[in-house]
Amino acid sequence: MLIKRKSIEADANLKSGPGKKSITPAKPKPTRKVKFAPVTLSEQFGIRYLHFGTEWVQGAMRISKPDWIELEYAQQMMAWMLFNDKPQHIVQLGLGTGSLTKFSYKWFREAQVTAVDLNPSVITICETMFKLPANDERLNVIEMDALEYVNDPANLGRIDALQVDVYDATARGPVLDTPEFYQSCAACLTPDGIMTVNLFGDHPSYARNLSAMHFAFDTVISLPEVHDGNVIAIAFNTTPTLDIAALYERAAQITATTKLPAKSWVNGIKAWQAQQ
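Residue numbers are given in our numbering: position 150 of the sequence shown equals residue 1503, and the series is strictly consecutive.
Quick caveat, the hints were computed from the structure, so don't treat them as lab data. Quick reminder that beta carbons are idealized off the backbone N, C-alpha and C, glycines included. Some clues are possibly wrong.
Label pairs and their calculated CB-CB ranges [unchecked claim]:
(1) I1400 <-> K1459: 17 to 25 angstroms
(2) A1627 <-> P1473: 41 to 49 angstroms
(3) F1398 <-> W1625: 31 to 39 angstroms
(4) E1496 <-> S1395: 21 to 29 angstroms
(5) E1396 <-> E1496: 23 to 31 angstroms
(6) E1463 <-> E1408: 19 to 27 angstroms
(7) S1417 <-> S1558: 34 to 42 angstroms
(8) K1623 <-> D1545: 16 to 24 angstroms
(9) K1616 <-> L1509: 32 to 40 angstroms
DSSO-like cross-link-like pairs, simulated, lysine-lysine; straight-line CA separation at most 30 angstroms [stated by the list, open to error]:
(10) K1623 <-> K1484
(11) K1616 <-> K1484
(12) K1459 <-> K1623
(13) K1418 <-> K1459
(14) K1459 <-> K1484
Build out the structure end to end from the sequences listed, making use of the hints.
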């Protein structure tokens, strides 16, 4: 079984090269035409999986622990926790099984949690089969194109942690990967905001995405590859101070509280730092 998660998104995205870096978001593109793949489920050894009509795993939930993040790469998407323990607004682009959204909603009770997905069937299946809570004063799950969301002026400078996992069912790499898209992501973040992105280290899209992120962000760190090629990139609006000893202390706190394997995230950051 393949363990690469692909959030449903549109098939096409205009590709363009780098230009002058700016905090101004890209101009909104015309609404993209979308053909959704069928949403299907499977279960094995107490874990429920989401698929889009293929064997590709789009997300997973341990039935006995619905608020736990089951897949390792998805756990790494929470690596921004090493740098911010009191976010005010957490956003997930690409809902999947809602694992990041549910986890953030449970552990960050003072934060607004937003999830954006274009496919209404994904939202419905999360509510009915993956125990996604109903929207309330802290949680807002929106049926919307992720590109439109980051280009909405109302979202400028308002997000502390942005988690981006926007794939379609074809496993061709992220469908939103241009410098302009990542510029818009950066513009939605606070000055100290952090973005995590799920990439494929063994796919041609990897270098393209990293290049686009480096264009839009001050610093981009890539964690070691997990599963079948998943690589989590951590992008910072403001270059962080990488005090490894302090990060290990913070990782121990995260693990003690949430059980997430945060020490491994610091190991990955340390390895990246050694290569610079």
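Comparing the hints with the structure gives:
1. I1400 <-> K1459: 17 to 25 angstroms: About 19 angstroms separates the Cβ atoms of I1400 and K1459, which means 17 to 25 angstroms holds.
2. A1627 <-> P1473: 41 to 49 angstroms: 45 angstroms, holds
3. F1398 <-> W1625: 31 to 39 angstroms: 33 angstroms, holds
4. E1496 <-> S1395: 21 to 29 angstroms: Roughly 25 angstroms apart at Cβ, these two residues keep to the hinted range, so it holds.
5. E1396 <-> E1496: 23 to 31 angstroms: Given about 26 angstroms between the Cβ atoms, the range holds.
6. E1463 <-> E1408: 19 to 27 angstroms: 40 angstroms, violated
7. S1417 <-> S1558: 34 to 42 angstroms: 35 angstroms, holds
8. K1623 <-> D1545: 16 to 24 angstroms: The hinted range 16 to 24 angstroms holds for K1623 and D1545, with Cβ atoms some 21 angstroms apart.
9. K1616 <-> L1509: 32 to 40 angstroms: 35 angstroms, holds
10. K1623 <-> K1484: Status violated; Cα separation ~36 angstroms.
11. K1616 <-> K1484: 29 angstroms, holds
12. K1459 <-> K1623: 29 angstroms, holds
13. K1418 <-> K1459: Judged against 30 angstroms, a Cα distance of about 12 angstroms means the pair holds.
14. K1459 <-> K1484: Holds, because 12 angstroms separates the two Cα atoms, which is no more than 30 angstroms.
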